[in-house]
Amino acid sequence: MDSIILQILNGLDKGSAYALIALGLTLIFGTLGVVNFAHGALFMIGAFCAVTLNRILTLSHQVIDNTRTDFLGNPLKVDIPYIYDFFGENIGRAIIDWSVPLSILFAIPIMIAIGVIMERGLIRHFYHRPHADQILVTFGLAIVLQEVIKFYYGANPIPSPAPEAFKGSFDFGALVGFDPNTIIYPYWRLVYFCFSLIVIGAIFAFLQFTTFGMVVRAGMADRETVGLLGIDIDRRFTIMFGIAAAVTGLAGVMYVPINPPNYHMGMDFLVLSFVVVVVGGMGSLSGAVLAGFMLGILESFASMREVIDLLPGINQIIIYLVAIIILLTRPRGLMGRRGVMED
Amino acid sequence: MFKLNKKDLRTLIIVILLALFAPFLLNPFPTDSALAQFNAGYPDLMQRFVIFGIFAVGFNILFGLTGYLSFGHAAFLGAGSYAAIWMMKLLTMNIIPAIIISVIVAGIFSLFVGWISLRRSGIYFSILTLAFSMMSYQLAYSVLTPITGGETGLQPKVNDPRLLDGALAEGAIPKANLFGLDMSQSYDMSLGAWSFTFNSGYYIAAAFLILSFYLSIRIFRSPFGMMLRAVKSNQQRMTYTGLDPKPYTLAAFVISGMYAGLAGGLLVAMDTQAGAERMFWTASGEVVLMTILGGVGTLIGPVLGSGAIKYMENIISKINSDILHTWFAFLPDGLENVIVAIIYPFIGKGWHLTLGLLFMIVVIALPGGLVEGAQRLSRLFKKGKNKSNENE
Amino acid sequence: MELLEIKDLGKRFGGLQALSEINLSVMKNTVHAIIGPNGAGKSTLLNCIVGKLMPSSGSVMFDGYSLLGRSAHEINQLGISRVFQTPEVFGDLNVLENMLIPCLAKRDGAFRLHALKSIDDEKQLREKAEDVLEDMGLIDKRHMKAASMSRGDKRRLEIAMCLAQDPKLLLLDEPTAGMARADTNNTIDLLKRIKQERDITIAIIEHDMHVVFSLADHITVLAQGTPLVSDTPDNIKGHPKVKEAYLGETQQV
Amino acid sequence: MTKSNFTRRGVLRTGAVAGAGLSLPTIFTSSASAFTNEPQGGSVTLGFNVPQSGPYADEGADELRAYELAVEHLNGGGDGGMMNTFSSKALRGNGILGKKVEYVTGDTQTKSDAARASAKSMIEKDGAVMITGGSSSGVAVAVQALCQEAGVIFMAGLTHSNDTTGKDKRANGFRHFFNSYMSGAALAPVLANAYGTDRNAYHLTADYNWGYTTEEAVKDSTEALGWNTVAAVKTPLTQTDFSSYIAPVLQSGADTLVLNHYGGNMVNSLTNAVQFGLRDKVVNNKDFQIIVPLYSRLMARGAGANVKGIFGSTNWHWSLQDEGSKAFVRSFGTKYGFPPSQAAHTCYVQTLLYADAVERAGSFNPCAVVEALEGYEFDGLGNGKTLYRAEDHQCFKDVLVVKGKENPTSEFDLLEIVEVTPVEQVTYDPNHPQFQGGSLGSCNPGA
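Chains as they are written, first to last, in the numbering used here: chain A, 1 to 343; chain B, 1 to 392; chain C, 1 to 253; chain D, 1 to 447.
With the rest of the complex left out, here is chain A (with noise of 0.2 Å):
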């Protein structure tokens, strides 16, 4: 029982992150029928949106500390962030500190403006083409951001910690009457999962409640006919994708902690997020959500030592066994549109 909620806790975490990068994907993939490669390296951007802002805070100046010595016995320069010259010591480690969920606020105007660009300069002009070319210009755009990143940043994982006060992990098992350390559960991962659960909910309200949702919904459905009555869709869907790289971009950001970032991990995510929006069937937002926190709670289980005991190699392959089964039995996924993509 205890390791039936655990798993199914974990699988919730997991499920968030693939649920984010799933209703990125399906607004741009799932509505505007765009097949985008580059959905993976987006996610990767914003993680290393957070990894910047850090950077950027942490620029020093060095100061030569003579009582210890360095790696070849030279006196050791110590780095001291600017950001303590201009706040004092403290403010300034809280800052450092506190990196990551600052850079929310730095990620989202990047995100967007680097979501309008690559729909104005590349997208736009491939809505038309066939799915192909979709595929070969969104790949090298993909491998294009990927290298620029290894470049400036390598190609190792930059440890980037959440703050203090998040840290370790708190006992849920013991607060709902379970035997202690049955059920633990990191922080972090429990912010991750509110805060994915606030972006959706955002993305859908926005979506249902305001006539900009609308209109794009209704583009999506039909975009000649909502062309036709002098609304500019065109200059929506800018906005759309630009919304679309934000909340993947997002998802990059409260990422870090968790995993440390690296220069492929958007590739890491590719494949997984397009299994997580067929599944949950074109076109639908919900399907999505709901496909990927299925998936994270599927591939939780599977994990389980008991699991792999029985079934020997079951962890490896759980996510594409579940998306042959229900594309087997659910012809579109499980709460896809007819006709989009089936072509």
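Keep in mind the hints are simulated off the structure, nothing from the lab.
Honestly, I wouldn't trust all of these hints.
Unchecked claim - If you only want the chain A side, here are some residues facing chain D, beta carbon under 7 Å, derived:
1) 7
2) 72
3) 154
4) 159
5) 169
6) 184
7) 186
8) 286
9) 300
What the hints assert, rightly or not - A few chain B positions that, by computed beta-carbon distances, are all more than 10 Å from chain A:
10) 2
11) 16
12) 147
13) 164
14) 192
15) 211
16) 219
17) 322
18) 328
19) 337
All values derive from a computational prediction rather than experimental measurement.
For each residue, glycine too, the CB sits at the ideal point set by N, CA and C.
With chain A fixed as given, assemble chains B, C and D onto it according to the hints.
Okay, now just chains B, C and D, sitting in the frame of chain A:
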């Protein structure tokens, strides 16, 4: 001739000539010159050009004709490779049984995957094939290690049983051969400052490419090929014309799977090693990119596309900063460093960046891929010629 | 003699009874029209015949075979060719290739792995295809890509493709929908000619009474999923029930 | 065509190195070379095959730096580095056998196929007489088999799996790096000392060959000292989030977590384990502990502060105070501005060892080199007295047990040495069960 029309015959002859004279064409620079770095006429790369050419030509039969985008064809290449290497371990180092079995195994595997995946179309089909290939990769890398060698893959070893081959002489190593002709056997020819290599393995692989290419032309021009194009164009009309699209698509899937298996078997024949990475989704993605880069649905496009990508991977990645400095050594120091600093991110370890830019440029500037580019060039050329004729 | 015989056919979608108690016979070498107001179930009926939908009850017999449970391509192979409301052709292929496909389907059946034959060697089929194109006045366009043809030409091509199969029954689903009057008249003339020149039975679903009364030998009126009346055109004209069914619709009867 | 002569040769004559012979329109005959890529003219080409793209690109870059440094030293440039402290004095800074050392580089992408393609191009196109490098066992085993077939020497870079010198060993291949067995043997006593002999260990193991051999090695040696293994769970190589593997650890009653992970897997699993607060827990009245059998300082950097206090083993560390290590750190640090990694160290040493073996053998012939390296004992290369064992071409030397440093002074200062495990303790029989099933075969000179 060969039951081909004039235009196709010309294409085939071009491919044959390219394949025959590849050792010359790919080594255009004198061995000692700085540009020798760009020579690609060494056996391994020439073999890879033709093998991945076969892979892409086969993939194009499915993707180019029926429009079904498989993201899992690397699994068939991998399955073919494993089958071939096991033949070499158990039966003989002769490549013929290995290649035959690799085609058969890949055919059976693709029949299974296709039979299931073709229940869906469009993106759903793509994801199903992707899922199968990723499952193959994940399992081959981990729990199937006793069969696949897992991380380290499989290589022939001295103490493998090899029922048909006699015991190896003391100190000999098992080498892939065709009735005694060693795949790594090469003839070198020096002509002045140039040198050219003729490798037996390459020519055998090239023979398979020519055969595969010829078959692909025949399929393109056959009633069957027309049916496949009908599948892409309008399945509804097809059904109400009394045709069942599914066996056609499945047949195309299996044929392209067998091409992939042949490529996998040849990879092992030329370089006796099979590993799970061959089945990773990026490997499936690579053949998709090769086909699109060259030109989807064209005969020769996939061959060009695979050549371009493999060239990048093997030649551009080997240029290091040292080599750059030697190239630009004639410039004043400051300028040399600036130029090297500008070019450096694009070569050597930055070869991926160049590849990504190439993809973007090709697709933006040449919507039909490299073939489209070539056609435009030739049109431009023809136009120019016509004009000059008029002027006379 | 009946070519197509539908007995007690019913079709239910969940709680909705779309068709019920349909009894209908199409006689050989006649033109049988099925008319009815919107939502009368004409398309559902058609789809039940061609194998796209599985009827919930009843039977459909064609030329001695039951059509129930057969897939669309099998039904076509039995001799029923269908023309769609919006012309369905192979857009990426040229006109001649569009014609060769039904010829091949007629000769080779639903599937044949003729991967190593050259299409250029199919001289007989090509002749046949060109004959039909000639007949339909499309021969000059045989190298044109089907997608780039006008709607009227696409319709002609689609009919030509069906005729190339020498079907026993040609099913037409609103063949003049969305056409200008001149095109409609052309199509009527074309169909008339086909009827005269060929040994063929035609079933036509139509909205346009002008078309129906120019062509049909027999008319079935469908309303609310069930046949209202089935009779010759002269008897249908002025039939009170028909008028009632069409009440409110400004149809030229 | 008619004028040119064809010569039949097993493997290619080579291109990139300029030789006097090349300028003449003559054709080499097979008698001109007794073995693959016999160096012609005044230079010899080595092939440095390292990951330049993919997750291990930074490790590859460090390896490449070490190779460039080694080439510089061999050619008499720089301060000579470990050539001055090396027990053998055969190298004189005039290249190898008087031939100037040149090199070519390639990208393994940490994929066996790509690594072999790259190595083949070095052998076939550039005429490399020795291939070295790599950052994973899969690549090492694949390239080693290739070199055996082609008839060149392979000096393995970073490869830790037992298989490289176990069931997949080859006569033309040599490994200086330590292996899983040695990690287990070195770690176990230190762990028993620090954490007691009554521990319940929970293994998370990367689900591929290296993971298997490491798990087996650590399990065997810790169980021999009284530890109990509660469970061993395999994790997919492609896993990025280990939460669902780590969360159940506490439930199992284990008080120690062993992470048989490397690279990105290790960074993420360790980060996750610390995130779950495992290290703050007390189980069975013992502080919960985490162990990482194979440490890589470069990758450990990605885990940041999470490595503090965590035990592991490593092949070499820049803080070693023997003369060899000091000399190497000095020349590397002066040239590049930061200390070398263990990958850089093993690659540098391998290059020197190869060059030295050629000098001592007086020939580049792989068989002569194999003979010179087999059973060769040396010192002064940073790991104390070392033996290249003839039976399996594995180096036997001291192994370092290290611990994540509590108060690092710089981003390189992550590990501190806890113990230098003497070579006797990590030596095993060539027929040890963990290494069975392979055979060296005999050296292949190619041609």
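*asked:* Does the closest beta carbon of chain D sit nearer than 7 Å to the beta carbon of residue 159 of chain A?
replied: OK, holds: residue 159 of chain A within 7 Å of chain D, min 3 Å.
_residue 186 of chain A was flagged as interface toward chain D. Is the shortest Cβ-Cβ separation under 7 Å?_
4 Å, holds
*Status of the hint placing residue 169 of chain A at chain D (closest C-beta pair under 7 Å)*: Where the cut-off is 7 Å and the nearest Cβ of chain D is about 4 Å from residue 169 of chain A, the hint holds.
*Would you check whether the claim that residue 322 of chain B is not at the interface survives, using Cβ distances to chain A and the 10 Å cut-off?*
Residue 322 of chain B clear of chain A: closest Cβ-Cβ about 19 Å, beyond 10 Å.
_When the least beta-carbon distance from residue 72 of chain A to chain D is tested against 7 Å, hint result_ = With a minimum Cβ separation of about 5 Å from chain D (threshold 7 Å), the hint on residue 72 of chain A holds.
*Report holds if the minimum CB distance from residue 337 of chain B to chain A is greater than 10 Å, and violated otherwise.*
Holds: least Cβ distance 18 Å, greater than 10 Å.
*Find the nearest Cβ of chain A to the Cβ of residue 219 of chain B and say whether that gap is larger than 10 Å.*
20 Å, holds
*Is the interface hint for residue 286 of chain A satisfied, with its Cβ closer than 7 Å to some Cβ of chain D?*
24 Å, violated
*asked:* Holds or violated: the hint that residue 7 of chain A contacts chain D, with Cβ atoms closer than 7 Å.
replied: 6 Å, holds
*Beyond 10 Å from each Cβ of chain A, as asserted for residue 16 of chain B*: At roughly 28 Å from the nearest Cβ of chain A, residue 16 of chain B sits farther out than 10 Å, so the non-interface label holds.
_Interface-negative label, residue 2 of chain B against chain A, beta-carbon threshold 10 Å_ = 30 Å, holds
*Taking the least C-beta to C-beta distance, is residue 184 of chain A closer than 7 Å to chain D?*
6 Å, holds
Taken one by one, the earlier hints fail for this structure only at number 8.
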